[in-house]
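There are 2 protein chains.
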Amino acid sequence: MPTQDHMKAALQAYIDGFAAGDAAAVSALFADDAEIEDPVGHAPVQGRAAIDEFYKNAIDIGTKLLLDGPIRGSHGARAAMAFTVDVPAMNMRIRAIDVMTFNDDGEIIKMEAFWGPDDIES
Amino acid sequence: MPTQDHMKAALQAYIDGFAAGDAAAVSALFADDAEIEDPVGHAPVQGRAAIDEFYKNAIDIGTKLLLDGPIRGSHGARAAMAFTVDVPAMNMRIRAIDVMTFNDDGEIIKMEAFWGPDDIES
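Heads up: the protein sequence lines correspond to chains V and F, in order. Every letter in the first sequence is one number past the one before it in this note's numbering, and letter 105, counting from 1, is 106. Every letter in the second sequence is one number past the one before it in this note's numbering, and letter 71, counting from 1, is 72.
Isolated chain V, as found in the complex (with noise of 0.2 Å):
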């Protein structure tokens, strides 16, 4: 299992990409076979193909991360965040709670993104 460091690290990195506008840098947290529900509800991305093209396109578009608040971990390998989504090619925020559950590699497995059709401000 992932230590919460690591965990948190990886989070953290997350939200550092999207900063530096490095889409391969978020993708390469993934695991090749990773699964994305974002938002949650909807059918997920899967496969590294398929996520690679997600956050290409997240971050062209000049897609920002600011945390609402610390990283949280868990007992277990899973960590979520809470922070805002600021997409101003769309003159658009989102407020999001990411959930992301790691594998024995320290991978992300699975990404699930909480937000509604109420939690987008523009």
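These are computed hints drawn from the structure, not numbers from a lab. Check the hints yourself; a few may be wrong.
To be verified - Computed list of lysine-lysine pairs in DSSO-like fashion (alpha-carbon distance at most 30 Å, straight line):
hint, chain 1, residue 1, chain 2, residue 2
1, V, 9, V, 65
2, V, 9, F, 111
3, F, 9, V, 9
4, F, 57, V, 111
5, F, 111, F, 57
Said to hold, decoys possible - Looking from chain F toward chain V, a few residues come up when the C-beta cut is under 10 Å (computed):
hint, residue
6, 9
7, 71
8, 87
9, 115
Note that the structure is a prediction, hence the values are computed from the model and not measured. Glycine included, C-beta positions come from ideal geometry on N, C-alpha and C.
Based on the hints, put chain F in the right spot on chain V.
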């Protein structure tokens, strides 16, 4: 599926129930066969009697919850919130994120609390 408004009101009622010291109000948000995984990674508490006892114990010692930001919905039957748990009896604060999953009757059927050993301040 419950509406976004229903889920967000339930999560707010959860916070408010702690503020009011009303364990019965908090417990009543849950289905009789609900499961509480608090913290994530520990064996869950399950069923009406165990849930009643869980919240009675937490609220009897004066635990209060302070939201870190707005409650988030999703595009499914799940919602999430980030908050700080204040346990004055133990001189302890815990940074947590809770994810709640609802059943078709609008009751919480699963609660997952994300906080790890490093998310406790004392």
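Does the structure break any of the earlier hints, and which numbers would those be?
Structure breaks hints 4 and 8.
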